[in-house]
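The listed protein sequences derive, respectively, from chains A and B.
For the first sequence, our numbering gives the first residue as 1, with consecutive numbering after it.
For the second sequence, our numbering gives the first residue as 185, with consecutive numbering after it.
Honestly, the hints are just simulated from the structure, not real lab data.
Do not take every clue at face value.
Okay, derived cross-link-like pairs now, DSBU-like style, lysine-lysine, Cα gap no bigger than 35 Å in a straight line [stated by the list, open to error]:
1) Lys97/A <-> Lys119/A
2) Lys181/A <-> Lys481/B
3) Lys216/B <-> Lys119/A
4) Lys245/B <-> Lys169/A
5) Lys132/A <-> Lys340/B
6) Lys396/B <-> Lys145/A
7) Lys40/A <-> Lys245/B
8) Lys40/A <-> Lys416/B
9) Lys97/A <-> Lys396/B
Simulated restraints on C-beta separations [unchecked claim]:
10) Ile125/A <-> Tyr371/B: 49 to 55 Å
11) Ala325/B <-> Ser27/A: 39 to 45 Å
12) Ile159/A <-> Phe469/B: 23 to 29 Å
13) Leu266/B <-> Glu39/A: 37 to 43 Å
14) Ser27/A <-> Val403/B: 49 to 55 Å
15) Ser27/A <-> Leu286/B: 57 to 63 Å
16) Glu136/A <-> Leu308/B: 44 to 50 Å
17) Leu111/A <-> Phe437/B: 39 to 45 Å
18) Ser158/A <-> Tyr371/B: 42 to 48 Å
19) Lys216/B <-> Lys132/A: 47 to 53 Å
20) Tyr224/B <-> Ser27/A: 17 to 23 Å
21) Tyr224/B <-> Phe148/A: 54 to 60 Å
22) Ala325/B <-> Glu139/A: 54 to 60 Å
Since we're looking at a predicted model, the values are computed, not measured.
By construction, the Cβ of each residue, glycine as well, lies at the ideal position given by its N, Cα and C atoms.
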Amino acid sequence: MKTVTLFIAGLLLYACSAEAQRYMTKSGNIKFYSDSRMEKIEAYSHVVSSIVDMTTGDFVFKVPMKSFAFEKALMQEHFNENYVESEKYPNATFLGKVVNVREINLGKDGLYYANVTGKLTIHGITKEISEKGSFEVKEGKLIGKSRFNVLLEDFNISIPGAVILNISKSIEITVDVTLEKATM
Amino acid sequence: MKNRIFILLAITGMMISATATAQDDLMNMLNKDEKPAIDYVSATFKTTRVVIGHSSENPPKGNLLFLITHHFGALNTGYENLFGLKQATIRLGLEYGVTDWLGLGVGLNTLRNTWDGFLKVKVLRQSTGAKRMPLTMTLLASTAIYTTRWEDQTRKNYLSSRISYASQVIIARKFGERFSFQIAPTYVHVNLVPTAEDHNNIFSLGGGGRFKISQRVSVNAEYYYLFPGQIKSRPAYSSFSTGVDIETGGHVFQIFLTNSMGENMESIVTETAGTWFNGNIFLGFNISRIFTVVKPKEFK
Chain A
1 MKTVTLFIAG LLLYACSAEA QRYMTKSGNI KFYSDSRMEK IEAYSHVVSS
51 IVDMTTGDFV FKVPMKSFAF EKALMQEHFN ENYVESEKYP NATFLGKVVN
101 VREINLGKDG LYYANVTGKL TIHGITKEIS EKGSFEVKEG KLIGKSRFNV
151 LLEDFNISIP GAVILNISKS IEITVDVTLE KATM
Chain B
185 MKNRIFILLA ITGMMISATA TAQDDLMNML NKDEKPAIDY VSATFKTTRV
235 VIGHSSENPP KGNLLFLITH HFGALNTGYE NLFGLKQATI RLGLEYGVTD
285 WLGLGVGLNT LRNTWDGFLK VKVLRQSTGA KRMPLTMTLL ASTAIYTTRW
335 EDQTRKNYLS SRISYASQVI IARKFGERFS FQIAPTYVHV NLVPTAEDHN
385 NIFSLGGGGR FKISQRVSVN AEYYYLFPGQ IKSRPAYSSF STGVDIETGG
435 HVFQIFLTNS MGENMESIVT ETAGTWFNGN IFLGFNISRI FTVVKPKEFK
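Given only the sequences and the hints, what does the whole structure look like? Please build it.
This is the structure we're talking about:
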């Protein structure tokens, strides 16, 4: 009898975690920006897809490299062809966790700070990162924002000697995603 | 008792594996109902020229390309002529990408003060993903008019006698990251030819390729086969050019050797007057610089 109870309890617990509070988007925004003496580089994508599970804190996002739009078409071609090699590595991904997920009260509108850690993969190279950001609970939606810097060399993105002064080694990334409750 | 421990273990195991793969599950969820996008192949060729002839490419939408083409004189002109270094044939060109599929261009050649203008339409674009297309196909329609003084001032000359036309069907494919190839059946119509035995309609079959040897350097080669028997009153040969593309930021620098003195399609096909074997080789280079005229909407 006890065994059965335990089993059912376990199952329920498992089912609970599967029936999670998931928020999702497919049209999130990401921008990257670098400013050096010679050249300002700026690019936007509006097709970031992301899911966050507010029960467990699990958080993933993905952006197709080819979706980044640059001011100069040639810069975009160089970015895809020479720097991030989009044919070989089509997406940048993040798999991680919102560490302080319990501090975010989905029932109460407001701005909550978030600590996010996990694995960021760009150009086929995975790096453990830990960054700060925020989640804003607003009318049942979850607006996630973060701004952080990555070093190009960490992701094995090399800059040729001829343009080394034109491109900053550190790139600022700004993420802005509006997640809506997923029905699944 | 044993039973209970086993079940407990099983449940714990289940839950651990559930958390370990939770992020992967979420990622799979994103991947699963993702609509595949059309993934157009980019940079089949680095510029609008393979070497001296047209490639399947146009400048990107809203971009203006300034192209300087320079040929020195022929190598076989000897030391007196410093093996061609004393001479130059230049073409200055502007090309504009009106849309992703339409390009327009004009050029001024120092060879017989020839102006040329052309239209390049991309009818097919090589792509994968939601739409699979194995090839890129570009149609070229070009007109050239030379504007030097009439050679024979005594006869009645017509403006139309100065004009020739070139049409091409450029069929290109990028085979993987390093290698691209195109074939280009070409038709040139010359309004006025020197003698009655010379054809007005001239056919040529072009082929060209690019092989990337590093991220920014590629080796290119191009051949325009002139079908024999079309030009009789003067020497005319097939054109072969080979060179290196070097890319630096907004510039593409192409340095090459060719047996064609001309720099527009009409001239390359019909006026290649010597061969590689008799040393009728010209050293030349193209410099292209691209300017963004219409910015994408985020940057306006």
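**Request:** For the pair supplied as a hint, Lys181/A and Lys481/B, confirm whether the alpha-carbon distance does not exceed 35 Å.
**Result:** holds, 30 Å
**C-beta pair Lys216/B, Lys132/A: status relative to the range 47 to 53 Å that was hinted** = Distance hint for Lys216/B, Lys132/A is violated at roughly 31 Å.
**Message:** Against the 35 Å threshold, does the CA-CA distance of Lys40/A and Lys245/B hold or violate the hint?
**Reply:** Between Lys40/A and Lys245/B the Cα gap is close to 21 Å, so the pair holds against 35 Å.
**Request:** Given the range 37 to 43 Å, decide if the beta-carbon distance of Leu266/B to Glu39/A lies inside it.
**Result:** Since Leu266/B and Glu39/A have Cβ atoms about 39 Å apart, the given range 37 to 43 Å holds.
**Asked** Cβ-Cβ distance between Ala325/B and Ser27/A: within 39 to 45 Å?
**Response** holds, 41 Å
**Message:** Given a hint of 54 to 60 Å, does the C-beta separation of Tyr224/B and Phe148/A actually sit inside it?
**Reply:** violated, 31 Å
**Asked** Do Leu111/A and Phe437/B keep their Cβ atoms within the hinted range of 39 to 45 Å?
**Response** This hint is violated: roughly 52 Å between Cβ atoms.
**Asked** Does the Cβ-Cβ separation between Glu136/A and Leu308/B fall within 44 to 50 Å?
**Response** With Cβ atoms ~46 Å apart, the hint holds.
**Pair hint outcome, Lys245/B versus Lys169/A [Cα-Cα no greater than 35 Å]** = OK: Lys245/B and Lys169/A at ~29 Å, within 35 Å.
**Asked** Does the structure keep Lys132/A and Lys340/B at a Cα separation of 35 Å or less?
**Response** violated, 82 Å
**Asked** Are the Cα atoms of Lys40/A and Lys416/B separated by 35 Å or less?
**Response** violated, 57 Å
**Supplied distance hint 54 to 60 Å, evaluated on CB atoms of Ala325/B and Glu139/A** = holds, 57 Å
Figure legend: structure checked against the earlier numbered hints; hints not met, in rising order: 5, 6, 8, 9, 14, 15, 17, 19, 21.
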